[in-house]
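Chemist: Each chain is listed here by its residues.
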Amino acid sequence: MSLESKYKQTYYEVLSISHDATTADVIDAYGKLKLIFQPESLATYSLYSEDELKHLREQIEDAYQTLSDKHKRFEYDAEVNPNQIASPKEELESIDKPEKIQLQPSKPINKITMPDSFKQISGKALKDIRKSQNISLKSIASQTKVSLEYLEAIESENKATFPAPFYFKSFLKQYATAIGLDPELVVKAYIPLQSENPEQPKK
Amino acid sequence: MNNTKLSHGKPSTIPAAKHPPQIWAVASGKGGVGKSFVSTNLGMALAQQGKKVVLVDLDFGSANIHTFLGLANPKTTLSSLLNQSSININDLVEYTTKDNLGLISGAGDHLQMANLAHFQKLKIMRNISQIEADFVILDLGAGTSFNTLDFFLYADQALLTVIPEPTSIENAYRLIKSLLSRQLKGLPENTKEIINRILTEKQHKAPETQTFASFLMDLQFQCPEYANIMREHLKNIRLNLIVNQVREPADSKLAVAMAVVSQKHFDIDLNVLGHLYHDNQVTHSLREKQTYYHQYPQSKNVTSLNRIAVEMIAELASKHQSQTHTPS
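Top line first, the protein sequences correspond to chains A and B. When we follow my numbering, the leftmost residue of the first sequence carries the number 1, and every step to the right adds one. When we follow my numbering, the leftmost residue of the second sequence carries the number 1001, and every step to the right adds one.
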């Protein structure tokens, strides 16, 4: 049996932070790990070779460079779909608990700027972005007055429940705004709509 | 003033504890890092909080807990337990002037005790759990002998003592590796072999470090049931850490840093209890046959020890609470 590791740690695991960590959390975790894994550090003594430590420092550096930058972090999140496992439980909780968001309707959202190269986004990716913003579907529903059923359809890409295209685009825009994304870009990039629009500009 | 006169044979007036004792084992990978200082002073701090404490000196060969307590050479030792068939371990406890702080010595037992047979080890363990006390603190020998490892794993809580020196850190990690390997001794032979290779070998080929933690992650990925069994086994290892003899401010961060590294490397929680400062008065107290804890009650170290004792008591209380709340 090979001793080589097959499991690749995510940047979040490298920094030992959760997926909803703020930029301040990222910087804090990076600062601590940088000290711990610096050359001559006592805490790692005898556990790693020089090469291994060098590699670990590079990993920490890469993770920091990506996660501390909102653009890069967004791209990275969309790529690795980090919330796959955690999502069902969170959703249950958000249904059971009374909605707190109504008490503070003007809760600030982190605006996410999408790169120009951004062409496609899935319902799953939208859901992950919403989770990373720590916003529940219910709070979007109460804020936008779009029914929960349609919001769920956006994330699950369940076309059977989609309303007429005109309304659907409007709902999608409101949803996108609520999670801090550019509504126009999202409507263009949302995959289920692309397949339905043959007039989409071709490459 | 001599406030630690030996009062051997005097029965304790403190009522017997309602629960089996909470057993703490104190060990260090390397000798000379103040392990016995930590165990005796924690014992005194716990007694100061009104708990009944019995220290058991299992550092066979270099047992000197009695000296830290300011006691003369003990009259009874643990070996009586092995030599006499009908003896109650509670009769072996010698009390200090504080009748809630006692000692079972291992001094003078070198020849017999250093090479315990398996059944003797089990007999001692069985008896230790019958000591009438709130806390039993086992002072274990340095190093990674099976004796030390087994008592360390047997205890409810294991306390690792290190000092901010490379040799001490190296041996502390070696102790953790030995504990993992010992705890997983029931696994199939080929799995054990892989684990031991991961724990001991350095891989020069791959830049990615193969650690015990990444091994567990691989296993979780490929064979989750098996990984869960292993995690279930490892849950029994409750490791705590005290960094002793801190001289420079930077070293006070060592404990937390080691906890991060243990998590990353071994996937093990290392609970940081705190750090104690280097203090020349420790040696002075020993020479004067006084206890540091009572001679310097205002020192930073005694303040830290008291805080740690309070945390240990709170942890125990929450454990008892969760036990009584389970439906019967």
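Rather than coming from a laboratory, the hints here were simulated on the basis of the structure. Since this is a predicted model, take the numbers as computed values, not measurements. One should not assume that every hint holds.
Stated by the list, open to error - Cross-link-like lysine-lysine pairs, in silico, DSSO-like; alpha carbons within 30 Å at most: (1) B/Lys1192 <-> A/Lys32; (2) A/Lys72 <-> A/Lys138; (3) B/Lys1123 <-> B/Lys1185; (4) A/Lys54 <-> A/Lys119; (5) B/Lys1123 <-> B/Lys1319; (6) A/Lys54 <-> B/Lys1018; (7) B/Lys1289 <-> B/Lys1030; (8) A/Lys54 <-> B/Lys1253; (9) B/Lys1123 <-> A/Lys8; (10) B/Lys1289 <-> B/Lys1075; (11) A/Lys138 <-> A/Lys188; (12) A/Lys8 <-> B/Lys1300; (13) A/Lys188 <-> A/Lys159; (14) A/Lys124 <-> A/Lys188; (15) B/Lys1289 <-> A/Lys32; (16) A/Lys169 <-> A/Lys188; (17) A/Lys173 <-> A/Lys145; (18) B/Lys1289 <-> B/Lys1018; (19) B/Lys1235 <-> A/Lys32; (20) A/Lys34 <-> B/Lys1235; (21) A/Lys32 <-> B/Lys1030; (22) A/Lys124 <-> A/Lys111; (23) A/Lys72 <-> A/Lys124; (24) B/Lys1235 <-> A/Lys8; (25) A/Lys159 <-> A/Lys111; (26) A/Lys138 <-> A/Lys173; (27) B/Lys1192 <-> A/Lys34; (28) B/Lys1235 <-> B/Lys1123; (29) B/Lys1253 <-> A/Lys34; (30) B/Lys1253 <-> B/Lys1185.
To be verified - Anything over 12 Å on all C-beta distances counts as not near chain A; from chain B, calculated: (31) Leu1122; (32) Tyr1154; (33) Gln1157; (34) Thr1167; (35) Asn1171; (36) Lys1177; (37) Ser1262; (38) Tyr1277; (39) Ser1322.
All C-beta atoms in this analysis are idealised placements derived from N, C-alpha and C, irrespective of residue type, glycine included.
Chemist: Run the distance test for B/Lys1289 versus B/Lys1030: straight-line Cα separation, threshold 30 Å.
Modeler: 25 Å, holds
Chemist: Taking only the CA atoms, is the gap from B/Lys1289 to A/Lys32 under or equal to 30 Å?
Modeler: 43 Å, violated
Chemist: For the pair we were handed, B/Lys1235 and A/Lys8, check the Cα-Cα distance against 30 Å.
Modeler: 24 Å, holds
Chemist: Just to be careful, I want the Cα atoms of A/Lys124 and A/Lys188 compared with a cutoff of 30 Å; is the pair within it?
Modeler: Roughly 16 Å separates the two Cα atoms, so the pair holds.
Chemist: Please verify that the nearest CB of chain A lies beyond 12 Å from B/Thr1167's CB.
Modeler: Non-interface label on B/Thr1167 violated, nearest chain A Cβ at 9 Å vs cutoff 12 Å.
Chemist: Measure nothing beyond the straight line between the CA atoms of B/Lys1192 and A/Lys32; if it is 30 Å or shorter, mark the hint as holding.
Modeler: Status violated; Cα separation ~34 Å.
Chemist: Looking at B/Gln1157 again, its CB stays over 12 Å from all of chain A?
Modeler: 22 Å, holds
Chemist: Hinted pair, alpha-carbon criterion (30 Å max): B/Lys1123, B/Lys1319. Please report holds or violated.
Modeler: 26 Å, holds
Chemist: Once the closest CB in chain A is found, is it more than 12 Å from B/Asn1171?
Modeler: 9 Å, violated
Chemist: Examine each Cβ of chain A, and state whether all of them lie more than 12 Å from the Cβ of B/Leu1122.
Modeler: 33 Å, holds
Chemist: With the threshold set at 30 Å, check whether the alpha-carbon distance from B/Lys1192 to A/Lys34 stays at or below it.
Modeler: Given that 30 Å is the threshold and the Cα spacing comes to 33 Å, the pair is violated.
Chemist: Holds or violated: A/Lys169 with A/Lys188, Cα cutoff 30 Å?
Modeler: Holds - the C-alpha atoms of A/Lys188 and A/Lys169 are around 10 Å apart, at most 30 Å.
Hint check: violations occur at hints 1, 4, 6, 9, 12, 15, 18, 27, 30, 34, 35, 36, 37; the rest are consistent with the structure.
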